[in-house]
Amino acid sequence: MTKRFGDRVAFDDVSFEVGYGEVFGFLGPNGAGKTTTVRTLGTLLAPSSGSAIVAGISLSPKNGPAIRSRISMMPESPGLYLRLTVLENLQCFAGLYELDDVRGRIDRALGAVNLEDRARDLCGSLSKGLRQRVALARALLNDPAVLFLDEPTSGLDPVATREVHELIASLRERGVTIFLTTHRLEEAERLCHRVAILNTTLRLIGRPGELRQRLFQRSLDVRLRTPLGDPTAVFCAVPEVERWEQTPSGYSLTVSDPDLAAPALARALVGADADILSIAESQHSLEDVYLELINEDVEAKRR
Amino acid sequence: MSFSWRRVGAILRKELRDYRRNRFVIGTMAATPVLFITLPMIQLIAANVTGNTAHLSLRIGLSLLYMLVIPVTMPSVVCAYSVVGEREQGTLEPVLTTPIRREEFLIAKALAAFVPTLVISYAVFGIFLAVAALFAHPVIVSAIYAGPHVLVQLLFTPLLAGWAIWVGIAVSARSTDVRVAQQLSVLGSVAPLVILALMSLNVITESTALAIGLAAALLVFDLLAWRVVAAMFDRERLVTGRRV
Chain D
1 MTKRFGDRVA FDDVSFEVGY GEVFGFLGPN GAGKTTTVRT LGTLLAPSSG SAIVAGISLS
61 PKNGPAIRSR ISMMPESPGL YLRLTVLENL QCFAGLYELD DVRGRIDRAL GAVNLEDRAR
121 DLCGSLSKGL RQRVALARAL LNDPAVLFLD EPTSGLDPVA TREVHELIAS LRERGVTIFL
181 TTHRLEEAER LCHRVAILNT TLRLIGRPGE LRQRLFQRSL DVRLRTPLGD PTAVFCAVPE
241 VERWEQTPSG YSLTVSDPDL AAPALARALV GADADILSIA ESQHSLEDVY LELINEDVEA
301 KRR
Chain B
1 MSFSWRRVGA ILRKELRDYR RNRFVIGTMA ATPVLFITLP MIQLIAANVT GNTAHLSLRI
61 GLSLLYMLVI PVTMPSVVCA YSVVGEREQG TLEPVLTTPI RREEFLIAKA LAAFVPTLVI
121 SYAVFGIFLA VAALFAHPVI VSAIYAGPHV LVQLLFTPLL AGWAIWVGIA VSARSTDVRV
181 AQQLSVLGSV APLVILALMS LNVITESTAL AIGLAAALLV FDLLAWRVVA AMFDRERLVT
241 GRRV
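In order, the protein sequence lines correspond to chains D and B.
In terms of the working numbering, the first sequence opens at residue 1 and continues consecutively.
In terms of the working numbering, the second sequence opens at residue 1 and continues consecutively.
Keep in mind the hints are simulated off the structure, nothing from the lab.
Just so we're clear, the structure is a prediction, and the values are computed from it rather than from any experiment.
Where a beta carbon is used, it is the ideal one built from N, C-alpha and C, also for glycine.
It is possible that part of the hints are untrue.
[Unchecked claim] In silico contact screen, one side only, chain D against chain B (beta carbon under 10 Å); selected entries:
#1 T36
#2 G42
#3 L44
#4 R68
#5 L82
#6 F93
#7 T201
#8 I205
Start from the sequences, fold in the hints, and give me the full structure.
Now the structure itself:
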C-alpha cells in the first residue's frame, strides 16, 4: 500500500504479512508513517493505492464497519471520556461494538489490566498510566482478532511503562495478534516476535536476531590486560579472522564463525603471551540495527 | 452491517452523562432559559393594556420571540463542541475505530442536543403560559392564545432546534477550535429567526397558514441540512484535519 497526502508521501509501497497470534513490531522514527499505516489498516484513512486484508476481510470503504468490529485500536493518546467513570467508558464502547454479556466482558477486560477495583472511578481522576490501562481494557472488550497498539507507552514513566509491557506480554501468552507501533527499540526487542522498520518505505522485516545478522557481520570483542606488540601477526594466524581493528577497550575482530574462531584465537593469544581478560561475541542490539538503517537513509538523503 | 439504534443509544447515553457532569453545558442549559424567560414575563406582567392594540401585539410577539431564541442558542452551543471538542480531547479517534457508522454518530450527537433542548424549551414555554395566566391581564392572556402564537411555538421549537443542531455539527466537523466553532454556529443558527422576528414585529402579517407554510419550509431545510452534514462527515478529514 501507499498513502499520500497531496504531494507528501506518508508511506510508500509497504507490504507485509502478520501471522495469527503474532506480536508484530512496527518501528520507525517520528514521521516515518507508522501511525498513518495503522490508521489505514484500521479503515480510518483510505490508501492512495494498493490493497490489504485485515482480520481476513478485504480493506475497502464498504467493509469498514465489518473490519472495525473485528479489530481494536488503541491510539497514542488513551482518548477516554474524563467526566465518565471507567465503567461508563467501557459500557459506551461495549454498546458501540454491540456486545452481549456486557458486564461479564467489562469484568474480564478490567481483570486483564488489573483494574477491577477502579471501575467506579472517574477517568479524569486516574494517573496517565492507569488511563493507558483503561484504554487497553477498552481495546480488549470485543476480543479483537487484531489489536493495534500505537505507541502504547508514549509519555509513561518507567513504572507505568513496565506495567504496560507486562500486560502486552500477558496478551502475547494468550495468543492475541498484536500490531505494535513504537520507536522504543527495547520495547520491540522484548515483546515482538518479528519487527519491521519503516522510514516511509519498509526498510527491513524479520526477527530481531535475523535483522542483526543481516546487517552486521559476526564479530568477537577481545579484551587484554596490555595491548599486543604485533597484533597483525597474532590475528592473521587465525584463519577465521577476516579483519580486525583496535577499540578503546581492546580489539574487535570480524570473524566467519565465532564458535570456531574463539578457541583458535585464545590459543594464538596464549601463544603470544597475552593476558586475556575476555573473548566474547559482539552483541548488536535492535537499536544498532535501527540506527544503522536510519543513518543509511540520512546519508542517502544527503547524497 | 446495518444501522444500529444500539450504537446510537451508546453515544446518546454517553453524551447525556457527560452533559450532567459538564459545568459549561449545565450552565448553558440553566442560564439560557432563565435569561430568555425573565424579560418577556416582566414585559407582559407590566404591560399597559389600555394602550393601542398594535403596541400590545408587538409586545406579545417580542415576548414569544424570546422563547424561540432558546431552541436556537442552546443546541448550537452544545453541538459546536460535539466533534471539534472530541477531537481536541482525543476521544474522537477511539470512537471512529469502532463499527459505528457516520449516520449513527451524527444522529446520536443530534439527539443528545435535541432531547434536552425540546424538554427545556417546552417547559419554559409552559411556565411562561402559566405565569401569564396567573399574573398577566386577561386581555394579554387571550391575545396570547388568539392567533397562531401557540402553534408557532410548538411547531418552530423542534424545527429551529433541528436547524441549529445541524449547523452546529457542520461547523464543529470543519473547525479546529471550539470557541470559533461556537461563535460560528450561533451565528449560522439564527438565520431562520429573522423571518419569525419579522412576524413578531408585525412586518409580515401572522397567520396559521403562513406559520404552517414556514414550518414546512424549515422542515425541508432541516432534512437537507442533515444530508449535507452527513456528506461532510469524513473520517479521514476528522482524524487528520486535512482536506481529502
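Cross-check of the supplied hints:
Proximity of T36/D to chain B holds as hinted, the smallest CB-CB distance being about 8 Å (cut-off 10 Å). Satisfaction of the interface hint for G42/D is found here, the shortest Cβ-Cβ separation to chain B being roughly 5 Å, below the 10 Å cut-off. Proximity of L44/D to chain B holds as hinted, the smallest CB-CB distance being about 5 Å (cut-off 10 Å). With 10 Å as the threshold, the beta carbon of R68/D comes within range of chain B, its nearest partner Cβ sitting at about 5 Å, so the hint holds.
Given the 10 Å rule on beta carbons, the hint for L82/D holds: about 7 Å separates it from the nearest Cβ of chain B. The closest approach between the C-beta of F93/D and any C-beta of chain B is roughly 6 Å, which is under the 10 Å cut-off, so the hint is satisfied. With a least beta-carbon distance of about 21 Å to chain B, the hint placing T201/D at the interface is violated under the 10 Å criterion. A distance limit of 10 Å between C-beta atoms decides the matter here; for I205/D the minimum to chain B is near 25 Å, and the interface restraint is violated.
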